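Chemist: Note that the protein sequences, when read in sequence, are chains X and P.
As numbered in the numbering used here, residues 1 to 452 make up the first sequence, in order.
As numbered in the numbering used here, residues 1 to 452 make up the second sequence, in order.
A hint or two may mislead.
Treat identical chains as interchangeable: a pair holds within one or across any two.
[Claimed, not checked] No farther apart than 30 Å at their CA atoms in a straight line, the calculated lysine-lysine pairs in the DSBU-like style are these:
1) K273 / K174
2) K339 / K61
3) K104 / K439
4) K394 / K199
5) K339 / K203
6) K339 / K199
7) K82 / K439
8) K174 / K276
9) K296 / K82
10) K35 / K129
11) K299 / K61
12) K104 / K35
Derived from the structure by calculation, the hints contain no laboratory data.
As the structure is a computational prediction, the values presented were derived from the model and not from experiment.
Protein chains: 2
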Amino acid sequence: MAQGETNLEPKEQFEILNNNHLGIRGVDLVDLCDKYGTPLFVIDEARLRENYRTFYDAFSKHYPKTIVCYSIKTNYNLAICKMLRQEGAYVAAASGLDLYVARKAGFPPKRVILDGLYKSEAELMEALKSNVLLINIESFSELEGLNRIAEKIGVTQDIGIRVNVTKTQVFTRKLSEAIFCYPASRFGFSLETAWLAFKRASKLKNLRVTGIMTHPYQGAADILLPYIKRIQNELGIKIQYINFGGGFAKNPTLNNFDLMMDFFRKKLGLRSKLDKRKKESVTRVCLERTSKIIAKAVKQKLGGTSEPTIIFEPGRAIVGSAGLLLLQVNCIKEAGGYKWVVVDGGTNLIPDYWERREIQIVNRETLLPLETVNLVGPLLYTHDFIAIKKRLPKIQEGDILVILDSGAYTLSQSNQFLHPRPAVVLVDLNGRLVKIREKENYEDVLWMDREV
Amino acid sequence: MAQGETNLEPKEQFEILNNNHLGIRGVDLVDLCDKYGTPLFVIDEARLRENYRTFYDAFSKHYPKTIVCYSIKTNYNLAICKMLRQEGAYVAAASGLDLYVARKAGFPPKRVILDGLYKSEAELMEALKSNVLLINIESFSELEGLNRIAEKIGVTQDIGIRVNVTKTQVFTRKLSEAIFCYPASRFGFSLETAWLAFKRASKLKNLRVTGIMTHPYQGAADILLPYIKRIQNELGIKIQYINFGGGFAKNPTLNNFDLMMDFFRKKLGLRSKLDKRKKESVTRVCLERTSKIIAKAVKQKLGGTSEPTIIFEPGRAIVGSAGLLLLQVNCIKEAGGYKWVVVDGGTNLIPDYWERREIQIVNRETLLPLETVNLVGPLLYTHDFIAIKKRLPKIQEGDILVILDSGAYTLSQSNQFLHPRPAVVLVDLNGRLVKIREKENYEDVLWMDREV
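Sequences and hints are given; from them, build the entire structure.
Modeler: Below, the structure is given as structure tokens:
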């Protein structure tokens, strides 16, 4: 951190140390647990900065007018946000809390975008007063409301219109609709209603509609770019910002169908395929491929006009693989035909138990995965899983496990059900340990309670 | 609260006030929001105490040696725990945090039971030192570990063995096994292994095995009582405590299958049945029926020996209907064929979005449910629902909604994703308002973060 702006030449992220412990940047993960206890979140500064640079470089190489907004909600720890600010990141805020974090982490308002289907009047007021770069609008009601408030306080605000162009296959969409209600359809405007929103927005005195936004980015350019051309030609609106949202690095997930297929494979004597799923790659090469396609399309489809700025809002791609969670095995039991490994953190720390993360034993040399276990947390409800039917080396009570890719949507969605929340320790660029969040004690959990 | 031990003659829980607002115990719910803001949790003291008394009376009437342990994890707010202590409740703790809350709320150790598949050494130590009434054991590893610690600090501890007798139909169980892994099988011992656990426990010097525990209670007595007789006869262990756990008042829930059936009903022009599900009744009559059956069975099956104490661990049945959540409608939009009502609290406050709760508009007179809406929260992910396909009176932006049955597994599982957590206000026995938890501000959310 001290040398935040220098060139990075960190050690390998992971290595087996001489004592057979797993190390991160040369730091013994067992020592870390001895010092700070478990559960423990660890953030790897080198990886965090590298993730941002990889992302930014890949896109700016082919399209220099690129802005990368870190999605604060993914992990709003202040130290993490500050490091990304040093790297030159912008931020995507999705609430008043996010705006507050952005300000406290030192982001100037012109590096802040406000997103979200829900925005309270106080949140809009806050964003307007500091005159953030863009506010992305998701409904007519919000459009009118924002203009009213802007008029009241006498400012003019740049806005974007969020359109919903999720390219789901018709069958998948129909199925989702049938068994649920296609819940993603609530976000933004459909292409048809967005047209009316652009038209209306262009008439509002205190708003300047300069942006268009969508999420996720997959397949969006094909639909968005001709649409932008039409908006520019027919409505005379100059689109300066095209925001492609995020969604670059989801962890592989399971679902009930995968588990059912696996159950029958087992019955047939076949090997499990549950651990075969690969994490979506976010290497420079793969980001550059996306970048090239988008840059080419923008130049082709919107050529002749001055080039718009392209915005991305990655969260997981930046902070996911920079975070680890260290857990200790409390007890192991066999029941119902399974081996259950009970650890000291569960869905209180990693809420999405369908996600499939890599897991390693850190306190001793391990052989290849040997047995299938259910890794469960300390929360007493049935869906408190860290991993379902996971093949792992033989685990013993007292072992320390590391759960990789635990930097995104973990601490920020953690709760205080039954257990206070853990500390977060940064392994900085020099391999030094810096506590960037205190471990909570019991009193911390209760300190807002008032006696009667 | 001031007259905690007096007889209660509270006003009706809900009534329509003269201004057409909805009132609780005569307090205008709109005034409450004006004073404390939304979201807001409200606890109804009269209902809380009444729920405990109803439960205790129903069971002790037919079986005087009954202990009712409030399950702290359901809602660990200190004021709530204290009121239940005044009522004479015992508590079921499931972690060190719960033990701490119990102590702070004034429960003597002899009114505390420690449960849970996961118990750290520190938690066991804490329970042993204060010599709680019972520690329920879930694995051999825990049994040996507890004895070791008890020996080290020189105490003898009463324990129970948790057995898993969930009477699931074979088909349901096989199906659950196929598509998941029958996750409830991890809890406690099967009847066969429990036998070995009892045998082993009876030989350990620093433990006194005096209890047997199971959860949930449904159908458990039929299996448990003959088993206890065998334990007493063949192993010579005197069972003084039979613990039937909880599970008395689950809210009705939906699942994907229900939604799919509803989708096809709609296609066929039939009316939705989603709101037809009734909440499981926890009236005195229905509790007494269960009580009678259990009391009769215990006397019959274990007659001749001195009567054991029967323990229950209700959580939801006590605090669920004593809690309300007040939310304000931020915006309303139509998209994807649905009407979306966006409110200022979602799965950050009520995590289980499959649960079906009653919802009312509180700020004006409403007619019968007229339209089907999706009620969604402010969290930006697709599964942030308060209610899916719910028929409600016509809602307007700015309306205040009350979500009933919001006292259990809400605040205790709430998180700080995007928004600080709300205040909790008690409506006391005299209709006075007492803040029993402060509203968090942005700084409160970040106060454990450390600068680098």
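Chemist: I'd like to know which numbered hints this structure contradicts. Please list them from smallest to largest.
Modeler: 2 and 9
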